[in-house]
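J.: Each protein sequence line maps, in turn, to chains U and X. When the letters of the first sequence are read in order and numbered with the numbering used here, they come out as residues 1 to 153. When the letters of the second sequence are read in order and numbered with the numbering used here, they come out as residues 1001 to 1750.
Please keep in mind that the hints were generated in silico from the structure rather than gathered at the bench. Hints may contain errors.
[As the list claims (entries may be wrong)] Distance windows between CB atoms, simulated:
1. X/ALA1612 / U/LEU103: 25 to 35 Å
2. U/THR82 / X/ARG1376: 58 to 68 Å
3. U/LEU103 / X/HIS1670: 31 to 41 Å
4. U/ARG47 / X/LEU1581: 18 to 28 Å
5. X/VAL1534 / U/LEU45: 27 to 37 Å
6. U/LEU103 / X/SER1738: 34 to 44 Å
7. U/ALA51 / X/GLY1518: 45 to 55 Å
[What the hints assert, rightly or not] In silico negatives: residues of chain X with every beta carbon more than 12 Å from chain U:
8. GLN1116
9. ASP1299
10. ASP1537
11. ALA1578
Beta carbons: idealized from backbone N, C-alpha and C, even for Gly.
The primary structure of each chain is shown beneath.
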Amino acid sequence: MLKPILLVEDNPRDLELTLLALERSQLANEVIVLRDGADALDYLLRRNAYAERDGGNPAVLLLDLKLPKVDGLEVLKEVRTTPDLRSIPTVMLTSSREEPDLLRAYELGVNAYVVKPVEFKEFVAAISDLGVFWAVLNEPPPGSLRLNRRGSN
Amino acid sequence: MITADNPLAEAVERCAQEPIQVPGSIQPHGFLLVLDETDLHILQASENAEHWLGLPARELLGCALAELVGDGFDMRAHLARLPDDEAFPFHIGDVCLRPGAPWRDKLRVLAHRHDQVLIVEFEPVRLPADLAEQGDYYPLVRSFVGNLHLAASLEDLLQQSVEQLKRITGFGRVKAYRFDSEGNGQVLAEVADPGYPSYLGLCFPASDIPRQARELYRVNRIRVIEDANYQPSKLVPAANPRTGKALDMSFAALRSVSPVHLQYMRNMGTLASMSLSIVVDGQLWGLVSCHHDQPRPVDLRTRTACELLASVLSLQIESRESHASTRTLLDLRQHIVRMISSMADHDSVSEGLRDLPDVLLEFAGASGAAVISADRCDLIGKTPPQAQVTALVHWLAQRGEDTVFHSDNVRRDIDELPELADHVGGVLAVAISQIHSHYLLWFRPEQVRTVNWAGQPSKQVGPQGQLDPRHSFERWQEEVRGFCQAWDPLIVEGVVELRTAVLGIVLRKAEELAQLAGELRRSNKELEAFSYSVSHDLRAPLRHIAGYTELLGEIEGQGLSERGRRFLQHIGEAAQFAGSLVDNLLNFSQMGRSALRLSDVDLNALVDAIRAELAPDYQGREIVWDIAPLPKVIADPAFINLALQNLIGNAIKYTRGRDPARIEIRAQEHPDEVEVCIRDNGVGFDMAYANKLFGVFQRLHRMEDFEGTGIGLASVRRIIERHDGRVWAEGQIDQGASFHFTLPRPAATT
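Kindly produce the complete structure, drawing on both the sequences and the hints.
T.: Structure below.
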């Protein structure tokens, strides 16, 4: 069984477009969608609503930089300072080209950083590259490439 | 220090300690009674009263004054004329003594209150025969006072005064001298009868007048010694019964003087003298001294006229001096103002002063100056060598006391730096900031000066250890070395004022800078916040429009009309264009903020890379590239790449339709800059709009003809200006355009 991809995105349109991009990139992983940083931490740390959830860590964490309640950088920081979560590959998705954000994310140990391009085709390409690299190439065993996802509605 | 090894110093000090205001005796040309003012009974009397009254002084004690004078004299009524605040002997009237007294003529009565008693002096009316004709002094004094202000110089003023005083008193020689800061007196004016030696121009050493005598001269403006061979007449009893001490006769006209002084007079061949003090601003400025080779009386009326004259002279000198110091001050201020405005113009204290070397020197009347700041030391005019100036600044910093230091003799005052004296005589220094080692120094050369003393200024000690005044007043020359002209206290004050003004400027500048920096920080923050929100908030909806448009076309495209699909395409393109506008704008604002990372840049390599990168844009077109060997420059490679990319991209874009297109890139090396030129044979532009080319969002072509966001050339300008270069363009419609930029050449390779 492939580990799921955890996508944390608050903007519904970006969410839909990102899911479409993931769908087009033909990844087999399940995508779990969360809408804010607090929820993401609950999920990762198996707290509150997610205390009883199955499975281990996601294959890759796609994290929007600006999130309600707990923002992306804080989630990243928590992930990197929690021994059980530290090894989750984490990719920042953001509109921002601002250097301070970029620097801060690298300081906190982000694995990759994607500035969402305006053109959808480019976005699909960028997400595909990321997904292939982190969800597939880094994931033993490769398993099925069949699309199997949940939580996209 | 008074030590037994130095009998002369001891004698001089003893002389200065002599209680000359309480001599216990008087000169005998009149007599003195001390009265209790309440009952007008006699407390003390001078021994010589017997000569006038026919009664021994001892018998006078306790007597009422009324018993000693003629019936017509009402002392109370006369005393009523004595002003309460009058300190000096006041002529309250004339008196005849009691019938039977040996002295029958009228006596002048002078009274003053002092030492808790009433001191009454009696003196005969005596005009020397040669003056008997003079009559009233008033017209003489009036014309003198009237003419004083016409005197052209100080010497002229003093000369007029001594001539007038000689006429009034009939003394054989009258001279006026002025004291220097050490108390030596130089004779500036003199008039003398034949046979009297002349002292004009000579100096009398300070030790001629001991300090307590000097103080007495200051408060009591006249002193007469009618006969240097007089026999002093003692007061009986010696002590003032009210105080139990010897009577204080500071103001008494008849006060007896020091025997040393009488000896001094006799040595000088003078038997009578009168001294008038010139007091300026409360200080003893000088003296007029009248000498006669024979004993000579000076009548009260004469004395009064002389005193008045001396007062007028004092006031006149005071007004001249204050006028002169006002002019000096004004002059100093004008120099300060010029220096300050130059500092303000140059935005730098040191540069402002360096730019006005003459003003800096004139300001302090110096022949050399040095401006020392933390990182440099500038020498102006005649100064010691730089190493010595640096050592001097170090010495000043170590000394660290006051902000101002001045010396008119560096050999004497700065032991640690003896070599300074080889170059200068004196120095005036002010620390603008001791912490930052910021000093201004002025130098004056040594001035060898010859002093003509009136006799070798050394005193001898007599057998009893008393001072033995010198016998020779012959001219004795001394050469004084090592000194520069003394620093005027006004200049020293001016230097302090200059320092205050400079500090004011520096402080104000610091405040302005701090305020500017604060404003810049604020506006930078705002700009950053703005960029951030543009990048986030504007980009997201554009992305959504582009994304959904594309998806819509994909999923529902077949169901739309041809027109509908075209509209959809326009929406997509518009969103993408808006997105690239936002991106370009962000790049542009970042260019202004991020730091330049300078390194060697190979322009030819950059151009080649850009051509390769842009190849898709001119696929299928024929472009003739003419690229000359370009020099290496020092610049931020990423920024220069962006600038070249914009310029080459423009050349490719605006030559569209030319067959073949020609793009030429050349460089020209000037002495301090490298000029790069990119020329094309494209559509060109109207020079009338040349100034608009480099502005943000300025476009000279329609969008259908040539696409673009209007930020490219603005970015080029910003990049080049960040490198301290210039950028400009030349062109003509349909005749092509050329874009030029310069980059400063690194100093090392020129």
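J.: It remains to establish, for every hint, whether it holds in the given structure.
T.: Checked hints:
no., hint, in the structure
1, X/ALA1612 / U/LEU103: 25 to 35 Å, "holds, 31 Å"
2, U/THR82 / X/ARG1376: 58 to 68 Å, "holds, 59 Å"
3, U/LEU103 / X/HIS1670: 31 to 41 Å, "holds, 40 Å"
4, U/ARG47 / X/LEU1581: 18 to 28 Å, "violated, 44 Å"
5, X/VAL1534 / U/LEU45: 27 to 37 Å, "holds, 35 Å"
6, U/LEU103 / X/SER1738: 34 to 44 Å, "holds, 40 Å"
7, U/ALA51 / X/GLY1518: 45 to 55 Å, "holds, 51 Å"
8, GLN1116, "holds, 90 Å"
9, ASP1299, "holds, 101 Å"
10, ASP1537, "violated, 8 Å"
11, ALA1578, "violated, 8 Å"
Of the numbered hints given earlier, the model fails hints 4, 10, 11; all others are met.
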